[in-house]
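Please arrange chain H with the ligands on chain Z, whose structure you already have, making use of the hints.
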Amino acid sequence: MAESRPAPVPVVESDDDVAPEQSARVITREMVIMLVVPPVLVAAVFGAFVWWRQTAELDSVEAQQLRWGVIRSLMWEHVQLTLVSAAIVVLVAVPLGIMLTRGRFRAAAPVVVGIANAGQAAPSVGLIVLLFLWLDGGFWTAIYALSLYGILPVLRNTIVGIQGVDPTLVEAGRGLGMTGAMTLFRIEVPLAIPVIMAGVRTSLVLIAGTASLACFIDAGGLGEILQTGISLFRFSLMVTGAVLIALLALLIEWLGRVLELATRPKGI
Amino acid sequence: MTQTESSPGSSPEGAISGAELRLENVVKRYPGQKAAAVESLSLTIPAGEIVAFVGPSGCGKTTSLKMINRLIEPTSGTIRLDGEDIRSESATSLRRKIGYVIQGGSLFPHMTVATNVAVVPKMLGWDSKRIATRVDELLDLVGLDPDRYRDRYPRELSGGQQQRVGVARGLAADPPVLLMDEPFGAVDPITRQRLQDELISIQRELRKTIVCVTHDIDEAIKLGDRILILQEGAKIAQYDTPDTILAAPANDFVADFVGAGSSLKQLSLTRVRSLDLGQPTTAHVGEDTGPVVRRAEEAGDDSVVVLDDRDRPVAWPWLRQVRHNDRVQSTPRELLVTLDQAATLNDALDTMLTSAHSKVIVTGDRDRYLGVVDFESVTEHMRRTERDAAQQMQDAGGHEAVDADG
Ligand SMILES: Nc1ncnc2c1ncn2[C@@H]1O[C@H](COP(=O)(O)OP(=O)(O)OP(=O)(O)O)[C@@H](O)[C@H]1O
Ligand SMILES: [Mg+2]
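From first to last, the protein sequence lines stand for chains Z and H.
Numbers given in this note's numbering equal positions in the first sequence, counted from 1, plus 133.
Numbers given in this note's numbering equal positions in the second sequence, counted from 1, plus 710.
The shape of chain Z in the complex, shown without the other chains (with noise of 0.2 Å):
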């Protein structure tokens, strides 16, 4: 940049300049094709599994277990039991992480991260179990559990987020006279989005394979058709089970990518 020659000629009128020029929001090569490559998959499985369930030869127990309403059915719960269950975790740990950043609370912070790590590590079928016992069995009990289960990715990122925020730029932004509500929502919470989302990700992906066991307490979802297949010992109920979670956990993952990508405050 140290450029005092004279300039060669013919010179062009350009928007060269010193600075990188880049766009604001950088897309990878890496980032497009995990954008692409699980639905093109999840598409072209879910499409063989079709393919199959409309050729094969099905005996009554497998037929009745396979029809399309019921798949449907089982489906839509397994969805909203993740998605219901990952909302209310947001709500909770994301505002509580945020306050375990602050002041006074500070000192908390490694104490809730203590049992929310405790939480997780409980095995789930355990906690559902235990939950079941206490509030009975359905749906908000399946979302209660899930959600206790899912909340330690997010608090963990929420706080690690905010504290990873540059401080010469939190002070910065007082030095101009933010108040300590403006230096949180304006600079500290947009800054920390990133590895907050990616807490909801993970969040999303552990609610969704947790979910196969809310069948137990009688909440419906996927694992209905896994655990069928158990108990009565049909091998392609089994598979269907599996294939089916596995497809949706990773639908729901890529949907927490684009989740990530989509929240990604513009320059950073």
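One thing to keep in mind: the hints can contain errors.
Said to hold, decoys possible - Partner residues aside, some chain Z positions facing chain H, computed with beta carbon under 10 Å:
1. Pro228
2. Ile231
3. Glu304
4. Gly308
5. Met311
Quick caveat, the hints were computed from the structure, so don't treat them as lab data.
Cβ atoms here follow ideal geometry from the backbone N, Cα and C, with glycine treated the same way.
Quick look at chain H with the ligands alone, frame taken from chain Z:
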């Protein structure tokens, strides 16, 4: 460039828009520390001046600076802005009246250049039209083309450009006082020198009260109307003009800190504007090259300084390059390294080293072209001052030895 007194933020040259700052017995003791970081600092910073705080690392410069905008609260003592105790209003409203610029610019990465600059005006509730006008005015002031830069994100700027935006953000609400903590510490030497020049040029126009922390004595000499040299615990070693500090260091600490070599010191004390500037052939962008080449040949010049429509230098082609085209061409202004008239001879020599011309273009307010300085005129000036100094020594007899004791 035409300024009226009423236009916001641009007072006519010479009118002071700064306010006096006074520190009275200010002490800062961090919890759990034996020695105070700042032990009783008293000091008056006159309105409209740049005061440079220098001193060794850890001597309390940053602490002293941050007490002025209450990022750090003093343990005891009083700080007055324009006679008023700074504790008489809330810290946030005080800070909106005091510009703050830190190393590297510390721009908010998720906000565009315009949004960054607009932070304080927005908090002050300016309407959006006034803010937009002000942002463009400031970007122009710090040498960035508003159309090109206002919608960029900090990531898309070079370090020097980020620093410029940082200065613009600090000046946004036209505060009477500007605090700068090692503002140019994170950029390369040539960019740093350019930013210093620009700050001096801006200050000529605005006359703010500026406190600038630096650990570079050359920067302090160049920028400061006064220099505050601090020792451990923010004890004042000397507080005076650069000339006095160089000519009569108060004690060994100052003498050591300032360093030796009187004629070399002269290099960082003399401004380019005090030399006679050469006036080579100039041309404006888009002019027919025919007459330009003729003018240059008559004057015996082998290159031509090309100016834009605001008389800012944009290119410096050799004559044979000019001949290639029908019309005079420009390059992006950033590619040409120029010197502000307030740059020191030190800067001039540095810049010449990287120039193909062994000359440097000198500019005045808002980058307007003034002339060129060449190597001969610098060395000539040095030789003259050395001769003068030797003459004075002879006249003064043995005074030097006495001074060294005091
Ligand atoms: N937040 C803090 N808590 C405790 N001690 C501090 C704190 N900030 C600074 N200090 C101490 O106060 C003294 C002065 O620090 P200060 O940052 O003002 O120095 P400085 O002159 O700006 O140094 P530098 O040139 O390295 O930036 C140092 O000894 C430092 O260790
Ligand atoms: Mg410091």
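Evaluation of the provided hints:
The interface hint given for proline 228 (chain Z) is broken, as the beta carbon of that residue sits about 21 Å from the closest beta carbon of chain H, more than 10 Å. With a least beta-carbon distance of about 17 Å to chain H, the hint placing isoleucine 231 (chain Z) at the interface is violated under the 10 Å criterion. The criterion of a C-beta within 10 Å of any C-beta in chain H is met by glutamate 304 (chain Z), whose closest approach is roughly 7 Å, and the hint holds. Hint status for glycine 308 (chain Z) relative to chain H: holds, with the closest Cβ pair at about 4 Å, below 10 Å.
Hint status for methionine 311 (chain Z) relative to chain H: holds, with the closest Cβ pair at about 7 Å, below 10 Å.
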